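Protein chains: 2
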Amino acid sequence: METQNLVERVLAGEPRAVARAISVVEDGARGASELMKAVFPHTGRGLVVGITGSPGAGKSSLVDKLAGLYRARGERVGIVAVDPSSPFSGGAILGDRIRMQALGLDPGVFIRSMATRGNLGGLARATVDAVAILDAAGYGKVVVETVGVGQDEVEIVKTADVSVVVLVPGMGDDIQAIKAGIMEIGDVFVINKADRDGVLRTEKELEALLSLAERPDGWSPPIVKTVATENKGLEELAVAVESYREFQRGSAGAHTRRGAVARWRILELLRERLLARALEADSARDRLETLALEVAEKRRDPYSAVEELLAASDRRS
Amino acid sequence: METQNLVERVLAGEPRAVARAISVVEDGARGASELMKAVFPHTGRGLVVGITGSPGAGKSSLVDKLAGLYRARGERVGIVAVDPSSPFSGGAILGDRIRMQALGLDPGVFIRSMATRGNLGGLARATVDAVAILDAAGYGKVVVETVGVGQDEVEIVKTADVSVVVLVPGMGDDIQAIKAGIMEIGDVFVINKADRDGVLRTEKELEALLSLAERPDGWSPPIVKTVATENKGLEELAVAVESYREFQRGSAGAHTRRGAVARWRILELLRERLLARALEADSARDRLETLALEVAEKRRDPYSAVEELLAASDRRS
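Sequences listed follow chains Z and R, in order.
For the first sequence, our numbering begins at 1430 and goes up steadily by one.
For the second sequence, our numbering begins at 1430 and goes up steadily by one.
For identical chains, the list gives no copy identity; a pair is met inside one copy or between any two copies.
Restricting the straight-line Cα-Cα distance to at most 30 Å, the calculated cross-link-like pairs of lysine-lysine (DSSO-like) are:
1) 1727 x 1587
2) 1727 x 1466
3) 1654 x 1587
4) 1587 x 1466
5) 1587 x 1633
6) 1587 x 1661
These are computed hints drawn from the structure, not numbers from a lab.
Here the structure is a predicted model, which means the values were calculated and not measured.
With the sequences and hints as input, model every part of the structure.
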């Protein structure tokens, strides 16, 4: 009953209800279940843009300016920033505060940082759920920003309709790492801080890399040069994002991509639910702490510790 | 019987057996169980150094040169590089090939890249197992390098005895991201490419950040400046790593850290085993593909899809 009321307010686009709903999905998959079942049919209307790149690439400025551009066109914009901080550093809260200064007073912009909550996982799942909530609430553009190029972060950006990879001049000597890690997820590439030395070299290297790897869908990712802090190149970025969106419509590749994303979402959620169930009993959580101590002191190996937890979980169910 | 033979050869330090054992732990947690139970009691002798930082920070050169320094002192060195590439990009293999040119012909150096294998997870667990195998095989120094600063990559580096965070000059404007993500895991900080402009500014900013955050163990992380490609500052890095290792001996903080690492390892392994069991039956994997399609087409929501998979798994067990 309470969930139904919350869902109605989310669908009506109330920012406070959206914030509340995102907190529900952050708190855990179990509580989120009823909510997300009701929200899910209303998703898929907005455009979800994923933005990733290394720290230092200026992603936050880029996201803020892109949001500003969409706002100026009268769109409501949701921003979800994934913060790889531990629960102790307070990084997400700090990030929120800094950004609120620029955009946060605008009621047409909704900003939320998602931080890791301990090591029970679920950050990627919660982030994708938060994006779905914003989408269902009528935010026409939802931007998901991930700091870092880790596996989880890459997966999150892949779930977007359009994935943008941000580079900066002077990364040439680590181009192999970029190639291996994030090249293949970029539908659009941005060279930010394009007023710096080395922009041409980076562009050439990027072009060379892109020409090596033909995409299964036949798309040639455009390269956009920006200076986000000076609001340069943002229009071009918006056009490039839109062009991929247009390309996708009706393409067979888009269907394959949606299938892969759905499969990944199911697996993330399944993993989280399985672990939560295995550690539901107080006795299981107590035993975990004891076993961790024993493994730390080399009195036990992790594998036999896990086999004990699995066997205990099986006996309870 | 076969595993026992493999374990004996690993403990005797045979590189081919080490390679074989790492392949076993890469292939899955279940097959790894018997092997790792036998290997685990022989771990904890070597020094495990974790190295992380953004792409472009020159981590690979730093790792290669540090390995060279340890080799020159007569130590056997293991290198495990975590590669966030997808199974399609071949990034890990490429990375291996490039590195083999410099160090790979030396039988006292063992190099292995660990790449993501699909989305069933287990990369972090397999990486930590690989480090344990090298440790048990008598590699006195094991260096784990992660590309990127994602959550998984941070967790992997945290499992090392000494964690090194590599920065480069000119990252000042994204210092908040660094702070949130990786500041707290650095036992030693490196400013690499220290012949570039802005090295003093980066050092000052780093010092300021470090002075803000007092560590629970009372350690003040040293800052080492290097130019890895010119072999500069590597001796100082080795000294800094050793100084933290010395500091740790007998400190209460080290015990807490080992406990947290053990707990994380158990949870990673538990998550992997639970998912593998839930998808063990052919029928479950078939159903997953069908459900993914239905979710992609918005005929189902991911939550009810997962509840169906959970219920089916419960009925089978």
